[in-house]
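**Student:** Using the hints provided, position chain B relative to the given structure of chain A.
Which chain is which? The protein sequence lines are A and B, in order.
Numbering follows our numbering, with no gaps: position 245 of the first sequence is 245.
Numbering follows our numbering, with no gaps: position 231 of the second sequence is 231.
Derived by calculation from the structure, the hints in this document are not laboratory data.
C-beta atoms are modelled at their ideal positions from N, C-alpha and C, and glycine is treated no differently.
It is possible that part of the hints are untrue.
[Stated by the list, open to error] Taking beta-carbon pairs under 7 Å as the criterion, some of the chain B residues facing chain A (in silico): (1) 59; (2) 79; (3) 99; (4) 105; (5) 137; (6) 138; (7) 156; (8) 215.
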Amino acid sequence: MNWKNVARLISIDTKAGRLIRGGRTRRYRERRIFQYLLYGGALVIGLAIGLAVGNFYGGLSNLDLKRTIHESAGTLFISLPMLILFYNLVLTMMGQIQRAGVKSSTEPLYWLPITWEEHTLASTVAHLIGLPLASIVLFSSAIATFSIYLGDLPLAALTIFALLASAFLASTTTEIFRVLLSRLIGAIYKTSGKAAVWVRFVGTLLFLIAFYIIWFSLTSGAGAVILIQAVAGAQNAVWFIPYVWLGMALASLISGLLVQTAIFLLASILFILALFYLAVKLNTRFGLYEPPAITVSKGVYVSKPSFLGRLGFSSLEAAVIRKDFKAFTRRRELMYVFITPIVFILIPLMQYVGIWGGSTTPPGASTFLLPWMLLAPGAFMAMTVGMMIIGEEGSSVWLFYASPITSRSLVKCKYAFICILSFMVLLICGVIGILVASPPLDLAFAFLIESMLLIFALGIVSLRAGIRGADFVEVPRPRMVRPLTSFLNTFLCFGLAIVILSPLIPYALEIIGMPIMRIDVYVAVSISAVIAAIIAFAFYRMTLKSAEEFLSKAGS
Amino acid sequence: MLMASTNENAVELQKVAKRYADIVAVDYLDLNVKAGEVFGILGPNGSGKSTTLKMILGLIKPDSGSVKVLGVNAQEDPVAVKRLVGYVPEDLHLYEFLTGLEYLDFVGDIYGLVSSEKKTRIEEYLQAFDLEGREGDMINSYSQGMKQKIALISAFLHKPKLLILDEPLAGLDPKSARIVKDLLRELAAHGVTTIMSTHILEIAQAMCDHIAIMYEGRLLALGNIEELRQKAQLPGSNLEDIFLKLTGTGAVKEVVEALLK
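Next comes chain A alone, as it looks inside the complex:
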């Protein structure tokens, strides 16, 4: 194994993510400070947590309470490797889903004299760069600091080692999963023929839904606490599963069983090495597996003047809208946007059933569920799709530059696509929301209209941001919009949404027990419509100007 090669590969993998892109950037440049800010921040927060908890613990005079905290810390330490494993498994899998699952044999890295061991190790470590590593830094610094007050440095050292090992274990598992999945997907495409496009679409959505639900369970406060308790209690029962051996080593150390600690630790290391060996073998066999071609149609069929044409779109505009629909149902990284409304529906519904339970709905529950399900998904969709709809063109954007497309047509077809997709989401979420919450007719009407207004306004606001901040970088994953633009636009949209919804604020205050004088709901909705129209018109003018600049600066 050439370690320098591994380091170079990791550097290439992470370099694209750190690249600073600007309108006229010709040379590579990056702000190194941002590279370390995440880890520095995690370190500082971890130290602060460790100091705060340690000082509290050190200042306690009640010995029983001290013992309880000491025991709880032990339970937490035992659970942490498993938690980190789950957390990193989800994070690295989510990272992989955004990248091309199959490594392209045309990438220069695969022509060069680099072994599969080096490729696999670099890929495994590169998965961990960013949030996964930052989470380990945070936990490690907190544990190390707190352990000084506990007076149990060996336990802290072993816990930190277990965290690192767990993260590597998760990443190696992801690497194996990625290779197997790309091979499996290839086999599925081969057998599913023309249905392959839809098989992929549904399969990807199911995969994302599963992982989002796990992610939500892990990151929600209650879920994490339940998991910690469950993991600490269940590890002994499932000791034969190698993934829990790191936690078992910690549990053995706390119980003073040093030989057992050493055995579990050694077994864990051997398991990680075996798993890594398996990943290398699978990569060697299938790493550059080329999946079979997906055949979508047989014979020559061309589109005819369509429904979109009857709605007033030119053949050019209709073609772009049709192309974007295909992109969003065929490109895995774009299918990602469909997950948002599904999560918007599923998570509150699960909470609705799980928290309140039974057949009786508590008073006020529907009042919160309805605005959440009617206002949020469509607006969020409009904002997300608006920001990425230009950048998703990637390097194929040259066709727009070379085509006889005017700025007006570009804005029209892209804005129409944003609205159509968001309205479809609103329709689905709205129907489910109304069926579940059974609101009064006027309230349902008001929310539906407000949601449409949000889609119209935030769609055009985000389209302008998407044009100005378009990022056509596609490797290692399509970026679509610059992070700063995305960040600023999210804040802007949030502010504008509040402005649009402001005539309904008296109703919201009434619900939370602060009644103030309010106007008729239909008048409030009308005022909202005027505000939204003004915002949409102002941003439409600005978007046209941005589109003109975008098309005229094609070669810059």
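**Tutor:** Just chain B now, with coordinates in the frame of chain A:
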């Protein structure tokens, strides 16, 4: 009725300049391309060929000078120019998630072709370029040559009056390359102008009526092969020798010997 090359200029570049920061891409270029001719632009890497082609198409605005394409000012009305032009870029990036057929259908719609006409032309071109049977597959499974064929068909599809082709024969099999060459000659006879950039000098010599040789953003020489021979003072020589002499890159032997040491 066949139309031979006329005296009308299809493309007129007057004192066109383009800089990228401290790099001079095109240095006050004057160039006229007659309607109905196949015109070759040659030059070493970085000599400004692609930038010139992009300025003709209206993709890049020159810093100074004017570009007229078929009587239309490319800076003032680039969309009108694009309607008249078929373009194949050097770096091919097609929508990989579309099938070849869907891509051509999309391009046909972009140029406003009616359905029946679009269908007929797509069928004819797919057959000519041996893509029948693969037109329903997603482009991501195509070879480089197949992608090049799709790009060429999409440039020919709307019957443009001007073709701008950057390395048009790259990756093509001999039969398809021959079809493209013959097609360009036939189109020229029908008054269609082609401006192509290539590094394959035999192709340029065989296909082009006139050739411009660019170097460091400037026009070194312009004319037919005989005029270029006279300019280079190399009677009876081929285009490769002329090119190497004019661009001052002819000391190949010494370079090879140095590399072999």
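**Student:** Each hint should be assessed against the structure and marked as holding or not.
**Tutor:** Cross-check of the supplied hints:
1. Look at residue 59 of chain B: its Cβ gets to within about 5 Å of chain A, closer than 7 Å, so that hint holds up.
2. Among the interface hints, the one on residue 79 of chain B holds; its C-beta lies about 5 Å from the nearest C-beta in chain A, closer than the 7 Å criterion.
3. About 5 Å separates the beta-carbon of residue 99 of chain B from the nearest beta-carbon of chain A, less than 7 Å, and the hint is met.
4. The restraint placing residue 105 of chain B at the interface with chain A holds, with a minimum CB-CB distance near 5 Å, inside the 7 Å limit.
5. For residue 137 of chain B, the interface hint holds, since its Cβ comes within 7 Å of a Cβ in chain A; the closest pair sits about 4 Å apart.
6. With a least beta-carbon distance of about 5 Å to chain A, the hint placing residue 138 of chain B at the interface is held under the 7 Å criterion.
7. Taking 7 Å as the C-beta cut-off, the interface hint given for residue 156 of chain B is violated, the closest approach to chain A being about 14 Å.
8. At about 21 Å, the closest approach between the beta carbon of residue 215 of chain B and any beta carbon in chain A exceeds 7 Å, and the interface hint on this residue is violated.
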